[in-house]
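Asks: Next come the chains, spelled out residue by residue.
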Amino acid sequence: MTLRGFLRGRTFRDLAVVTVLVFGVGSVAMLLAHVSPIDGFGALFDGAFGTPEEFAETLVQTTNLLFPALGIAVAFRAGLFNIGAEGQLILGGFAAGWLGAAVPLPAFVALPMVLAAGALAGGIWGAIPGFLRARFAANEVIATLMLNVIAFLLATYLVNGPLALAGAGPSETPTLPHAAQLPDLLTGSRLTWAFVIALALALFLRWLLFRTIFGYELRAAGDAPEAAKRAGIDLGRTALVAMSISGAIAGLGGATIVSGELHRFNTGLSPGYGFIAIAVALVGSLDPLWIVAAAFAFGVLQSGGIAMQAEAGVPRDVVSLVTGLVIIALAGRRVVAARRTT
Amino acid sequence: MNAALAAIAAVLALTLVKATPLIYAALGGVLSERSGVINIGLEGIMIAGAFTSVAVSGATGSPVAGALAGIAAGALLAAVLAFGATRLGVDQIVAGTGLNIAALAAAAFGIVLVYHQPGASREVPGFGRGGELTLIALAFATAVLLHIVLQRTPWGLHVRACGEDPSAAEAAGIDALRTRFIAVVTGGAIASLGGVYLSLAELDLYSDGMTAGRGFIALAAVIFGRWTPLGATGAALFFGFFSALQFALQRTGVPSELMQALPYAAAVVALAGFAGRVRAPAADGVPYVRH
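Chains as they are written, first to last, in this note's numbering: chain A, 1 to 342; chain B, 1 to 291.
Quick caveat, the hints were computed from the structure, so don't treat them as lab data. Positions of the beta carbon are idealized from the N, C-alpha and C atoms, including for glycine. Hints should not be assumed to be uniformly reliable.
Listed next, the stretches of chain A that the computed footprint assigns to chain B, with coverage defined by at least 3 CB atoms under 8 Å from CB atoms of chain B [unchecked claim]:
| # | region |
| --- | --- |
| 1 | 133-140 |
| 2 | 145-154 |
| 3 | 187-197 |
| 4 | 246-252 |
| 5 | 309-322 |
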């Protein structure tokens with residue numbers, strides 16, 4: 001792509017909108033809190049980049065946003081509004097944490113099995129609205145929205161009730177055995193191999209969506225469902241498969257948080273990664289490679305926000321406010337064509 | 001025997017308290033969706049109503065002024081969604097999701113600015129017992145009124161036409177974009193009363209997360225009530241009853257999480273068509289573009 005083409009393109013316009021929102025709204029909010037924007041943003045960027053440990057935490061937040069955002073992109077590309085990434089992530093985390101702590105697994109399979117359990121649980125939670133959509137034409141937006149809450153309540157019930165394990169605190173599973181933990185990338189930080197897995201997954205999805213027949217059919221179902229149907233693409237099957245993959249990726253993300261960062265499942269493991277990830281996926285133009293960059297930008301805001309509140313006295317809620325406004329601002333792009341024909 | 005009767009009476013009274021905010025939010029959702037715009041942002045609109053009414057009631061000492069400001073705030077948020085959905089062609093679902101996140105954060109930020117403490121406001125002048133009963137009665141009156149407006153007035157017919165087939169509505173001389181805009185904004189004003197009820201009738205303060213997903217339960221009530229005002233009110237009462245029952249059964253060992261999950265599960269089941277024929281307005285959530 002030429003530079004001129006890039007500057008005229010949608011991605012550039014989106015980036016400009018996001019930049020203006022972050023610095024414009026951020027500055028106004030800081031002024032309202034009687035903090036100079038220079039101090040406020042200074043504290044934010046210092047908190048995100050200041051020391052190797054802080055930068056590692058930024059990459060941790062990047063990773064935690066990257067998984068659900070990639071999952072969301074797969075569903076959106078197929079014309080399906082998966083806003084259930086949060087619930088898929090939580091159940092993935094629960095499945096990983098419970099399996100790892102409850103079942104004595106041989107050391108060499110413990111880690112893969114724990115991660116696979118997370119992907120499976122998330123995949124099932126994504127498959128439910130996919131199936132309801134394929135079989136009963138049920139609106140997947142409302143279904144995933146409802147399943148988010150059900151997932152949280154279900155995990156809370158299971159971890160405290162029938163599947164409670166000895167030696168665990170309230171709403172938690174016990175610490176995972178060492179073999180089930182993702183190894184650290186940087187000792188002394190929470191950064192683990194989850195980051196590398198997420199990057200590899202982004203590359204794989206880029207290939208899958210844009211270089212394979214499967215990806216072509218999936219995008220066709222999203223972009224031009226009527227034409228896709230006439231060309232012999234089974235829209236119902238595509239919906240089921242896309243939602244399952246989407247949920248599995250978010251579930252895998254939950255499993256990496258449990259296995260890498262926390263070493264246990266906790267019902268409070270996500271501060272809303274599945275929702276922030278909607279902004280990440282949109283800013284990333286639903287393209288896995290751009291999504292990596294967008295996840296990093298939001299990772300900076302997430303990890304720097306903590307320092308901004310502690311050092312400069314600006315409430316962290318400003319970060320969420322900007323995130324919500326970014327989603328509203330980018331809602332204009334034509335994400336889903338399929339809904340318009342059903 | 002008397003103890004049992006008292007317990008039943010307590011559950012029924014609590015049902016009304018728990019159902020009222022859901023009724024307001026669900027009625028706002030019904031009006032919006034019947035015109036063809038899905039309002040995922042009901043939760044954010046309730047938050048805006050709850051926070052603004054507390055801030056204004058605290059500043060002026062008048063809960064009525066607070067309530068009016070809360071309604072205005074809810075209508076304003078709905079207007080953002082309505083303008084985007086009718087004039088800019090933005091995606092209603094994505095915009096509504098962003099609205100929820102932004103409203104929650106803006107209220108949390110506002111609490112820190114106004115009250116210099118995170119988490120919750122101080123106590124402000126509320127409606128008291130009489131005002132609470134009035135708001136409860138008003139919820140049911142609004143339901144009946146909305147039913148009459150939708151079924152018996154020309155404007156109601158226009159709204160329903162826009163929700164079923166906006167092109168045909170325009171061909172018949174109805175301004176579909178304007179009708180949708182007014183319906184969504186009015187729906188936002190109604191839904192914000194759910195937030196006002198929570199903050200000025202139930203608690204007399206605002207605390208972060210106090211709407212606790214009621215906007216989403218209201219969306220479930222819209223579906224369960226088959227997109228009608230009276231049906232949605234019935235569904236809100238049903239969900240309110242289970243919420244009240246939860247308090248009554250707290251010490252009996254029935255897992256509260258499973259009871260809390262019921263409205264959401266019921267909505268999924270209803271969506272799949274297991275609870276009889278359920279049909280959304282044909283053009284619900286479908287942007288209308290003039291050609």
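Asks: For each hint, tell me whether it holds in the structure or not.
Replies: Consistency of the hints with the structure:
no.	hint	result
1	133-140	holds (count 4)
2	145-154	holds (count 7)
3	187-197	violated (count 0)
4	246-252	violated (count 0)
5	309-322	holds (count 6)
Violated hints, in rising order: 3, 4; the structure is consistent with all others.
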